[in-house]
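Chain by chain, the residues:
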Amino acid sequence: MGLDAEFETLFHAYQQPIATYLSHLLGDAERGEELAQEAFLRAYRAMIKGTEVEHPKAWLYRIATNAVRDHWRRARLVRWLPLWENEHDPALSAPDPADGVAEQLAVQAALAQLSPRYRAPLVLHTCEGLSTAEIAAVLGIRQGAVKMRLVRARTQFRRAFEAICGPEGE
Amino acid sequence: MTACRRIRRQLVVSRREWSAAERERVSAHLQSCAACAAVAEEWAAQERLLAALPGHGMSPERQRELVAQARREDKGLRARARLTQGLSTAAGVLVLALMTVAVTALVRHMASWQGELATTTPAHPPVRTLPLPDVASSLRDPASPWGRVLTGAADRLRRLVLSPVPALLTLAGLALLGVGLLWRRRRVVWRVGAGVLAGGLVAMALRFALMGLGPGSTVTLLRALTLGLRYDPRVNPPPAAVWSYRPETYIGRQLDALIGRTGPSPLREDAALAGYELLEVRISRPREWGTRARVTARLDWRDGSEETRSFPLIGSGPSFLRLLLGDTTGVWVGDWRNSPLDALLTDPAPAVPLSEGAAPFVLAPIDTIDAGALEESAGYVDIAVPSDIAADGRVLFDQDVRSTEGSRSVNRLMLYRPGGGAQQIAETFLSARGAFSLDGRRVLYVDSQKGSPSRLMVWDGGASLSLGEIDWMTHHWVGDDTVAYSARDRAYLHSLVNGSRQSLATLPVGDTVRAWYFRVAPDGEHIAYSTADGGLWLRSVSDGSVAFLGWDVSELSWGAGMAWDARGERLAYSTMNRTTLPDQAALWVRDIHDSAPLLLARSAPGFLDDDYVPFGKVCWVGEGTVLFAADRPNKGDVRLLAAAVDGSGLWDVTSSGLSIPFAEVACSHGYVVVPTSRTQLELLQIVPAQAIAEGRR
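These protein sequence lines map, in sequence, to chains E and R. As numbered in the working numbering, residues 3 to 172 make up the first sequence, in order. As numbered in the working numbering, residues 90 to 786 make up the second sequence, in order.
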């Protein structure tokens with residue numbers, strides 16, 4: 003690839019998890035891929051400047067999370083764009099739980115209703131499999147705060163998912 | 090936290106993060122608590138749902154785009170990174186080098202600093218209230234490593250920097266930051282370094298705030314700034330350097346004036362106040378508008394009764410700011426206003442009356458210098474001021490010449506030869522103040538040009554030779570071949586024979602108006618000088634001893650309020666006691682072998698028919714008489730007085746019909762030159778009365 007071997011190794015190991023994380027966080031695969039590219043460029047620049055990376059996984063997720071924050075700041079988004087787009091989609095208002103694709107859409111929509119402060123730890127934990135210590139490092143908060151956010155995120159997610167699919171959806 | 094809540098916070102953590110004990114505890118709780126079991130089941134379902142979301146890798150196109158973009162940026166990024174690393178390394182090396190220098194300097198000066206801190210300021214026995222303890226010590230130690238200006242600030246800074254904990258923390262923090270810069274900007278080193286540095290600075294700030302206001306003082310800066318000061322002036326008062334406007338000094342000087350202690354000999358023998366003791370000083374917290382103070386004193390009246398009285402004072406300006414400036418001589422007593430003592434001081438000491446008998450000499454006019462008629466260039470003379478006379482009657486004077494439009498002016502130093510016209514010696518921006526050498530062959534003057542430092546020049550009849558920079562108007566001859574002057578607040582003797590320059594002393598710190606005011610005795614053994622607070626001092630060059638002479642040298646005729654006799658054994662000087670209403674001028678003569686001076690003249694309301702008479706230019710006439718100028722502001726003229734130095738007489742010797750509009754007079758070698766208008770000077774000869782009598786016979 004012509005890049006430093008160190009970066010090449012990181013890229014191949016984490017490009018899919020990072021892109022997936024960003025897609026889930028944003029609810030938009032295309033936008034997620036775009037921000038993943040931005041995140042890896044930032045990582046590359048930092049490595050060229052001589053930044054020492056002790057925990058590459060947490061480091062990359064932190065960069066990716068910061069890229070999303072910047073994206074939200076730029077777009078002045080206070081709510082989840084895809085949700086607004088999907089709110090009026092009759093197909094999503096009552097999805098058939100038996101349908102796998104519909105269930106994924108419902109999960110995505112419920113996820114999108116979480117506030118960003120709870121969405122990121124939930125995605126990192128359940129989708130990406132990061133430990134609470136790693137999430138704390140990524141988000142720059144304490145481990146206790148991560149647990150607290152996870153409890154609230156799960157509660158919010160249940161309410162949002164029930165609102166979309168109904169209680170029987172579970 | 091309830092058990093259920095604790096278990097739920099445990100349930101959000103992945104099971105692989107659980108310890109065996111946690112696993113057992115959760116399992117046991119779920120078996121006994123149906124609600125938590127339901128939550129666990131629900132969250133497990135959530136995890137399954139979320140984990141089932143499809144993954145997304147970056148598309149090959151996106152990856153190619155990333156590589157292309159990285160390649161585009163690669164070269165510039167690497168160059169910038171190299172530059173940043175180079176700068177970081179250089180900064181790190183610089184910081185470490187500075188730290189090394191600082192530590193080395195600290196270690197090297199540690200011993201001497203500690204020694205200086207233990208040193209007490211030498212006392213000046215003749216002065217009852219001594220506001221300037223550091224002046225004497227700085228004069229005695231001109232090689233002080235910090236210099237006189239920073240004496241006060243350096244003391245506090247020293248105590249601050251030498252505090253081991255803040256100093257070491259600060260140095261360690263800076264060193265860690267330096268290491269962090271060198272070591273590829275390791276974030277952990279940066280953080281630790283910044284933390285240690287912050288700790289050091291906080292410790293320094295605390296130490297500064299809790300530091301005693303002066304050596305041995307228990308009053309802290311924090312307390313002084315928040316609550317104000319209260320101290321016993323008899324025990325450990327804060328140094329003037331810290332709380333620069335000390336109100337008890339002002340009250341003490343006024344009380345001194347009441348009982349006749351201001352000045353080296355009693356001013357009032359008949360004062361009702363016999364003595365006093367200052368008991369307590371309270372100074373309020375500094376405010377924007379100023380500082381309020383109250384001085385409590387016990388007054389001992391001459392009839393034997395005692396009285397304790399408080400004197401409120403208001404000082405203008407937040408004096409605590411001077412603390413940061415470290416001004417060691419900023420005792421400006423005039424800054425305390427509205428003293429209730431003012432009313433008591435309206436009765437000044439009696440004047441020395443003029444003698445009835447004939448004066449020992451008369452002033453005979455011999456020539457008139459019309460400066461306006463001498464000017465040949467386009468323009469006119471605005472004012473002419475005499476500065477010196479030679480033994481053959483030649484006169485040096487400055488004339489301010491304005492262009493006819495009046496927009497531009499220059500100063501010309503002129504040499505007038507009786508009967509031979511005038512010659513221009515130099516053209517300067519400000520007054521040149523020419524002075525003849527004793528033999529009259531050379532002229533010393535100040536060459537000032539706009540925007541450049543003033544230079545001291547010697548003119549030998551042909552060319553002018555520069556002796557170097559000079560402070561404002563400090564120059565005078567010491568013998569035929571030696572010149573005394575000050576440059577950058579140091580007094581020098583410059584030999585014109587071999588060109589050598591000898592440093593005499595560091596002049597007292599103060600504003601520039603006062604710092605230059607000094608006169609070296611003709612034998613070079615003594616220096617008379619004034620300090621910023623208006624004190625007049627006599628210093629022995631050989632043994633360094635300092636004696637207090639009085640307060641407030643008259644401001645008339647720059648540098649001329651004191652004059653040595655030809656042998657350098659007696660000093661005639663004028664003082665101005667500003668603690669009386671109105672101010673009282675006095676003329677003294679002091680023999681360097683005596684401890685007390687002799688009062689020759691003193692003004693008071695009615696003296697020379699005026700309420701306010703300051704004394705100015707003083708010069709010796711032979712061995713036994715001094716001639717001096719007395720300004721009468723209310724009358725708008727100047728009188729010339731003669732005083733016998735044994736105190737036997739005081740005479741008004743102004744020639745009848747002579748009107749002197751301002752006190753710029755010169756006298757030397759038996760001649761006097763006075764202005765009679767703005768552009769006319771009168772050359773007078775001092776004729777002894779005995780000679781007149783013999784002539785008549």
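In short, the hints are calculated from the structure, not lab data. Treat the numbers as computed from the prediction; the structure is a model and nothing was measured. Virtual Cβ for every residue (Gly too), placed ideally from N, Cα, C. Possibly wrong hints are sitting among the right ones.
Claimed, not checked - Okay, the calculated beta carbon distance ranges per label pair:
(1) E/Gly142 with R/Pro542: 51 to 61 Å
(2) E/Gln145 with R/Thr189: 17 to 27 Å
(3) R/Ala117 with E/Gly131: 24 to 34 Å
(4) R/Ser121 with E/Thr53: 43 to 53 Å
(5) R/Gly288 with E/Thr53: 22 to 32 Å
(6) E/Glu56 with R/Ser148: 46 to 56 Å
(7) E/Gly142 with R/Ser121: 19 to 29 Å
Stated by the list, open to error - Okay, the calculated bits of chain R under chain E, using three or more residues with CB under 8 Å as the criterion:
(8) 96 to 102
(9) 127 to 137
(10) 141 to 150
(11) 167 to 178
(12) 717 to 727
Hint check:
1. E/Gly142 with R/Pro542: 51 to 61 Å: Holds: the Cβ-Cβ distance is about 59 Å, inside 51 to 61 Å.
2. E/Gln145 with R/Thr189: 17 to 27 Å: violated, 42 Å
3. R/Ala117 with E/Gly131: 24 to 34 Å: holds, 27 Å
4. R/Ser121 with E/Thr53: 43 to 53 Å: Hint holds: Cβ distance 50 Å, inside 43 to 53 Å.
5. R/Gly288 with E/Thr53: 22 to 32 Å: holds, 27 Å
6. E/Glu56 with R/Ser148: 46 to 56 Å: This hint is violated: roughly 31 Å between Cβ atoms.
7. E/Gly142 with R/Ser121: 19 to 29 Å: Taking Cβ atoms as reference, E/Gly142 and R/Ser121 lie about 38 Å apart, which means the hint is violated.
8. 96 to 102: holds (count 4)
9. 127 to 137: n = 5 at 8 Å, threshold three: holds.
10. 141 to 150: Held - the segment 141 to 150 of chain R has 8 residues with a Cβ nearer than 8 Å to chain E, which meets the minimum of three.
11. 167 to 178: holds (count 5)
12. 717 to 727: Per the Cβ count (0), the hint is violated.
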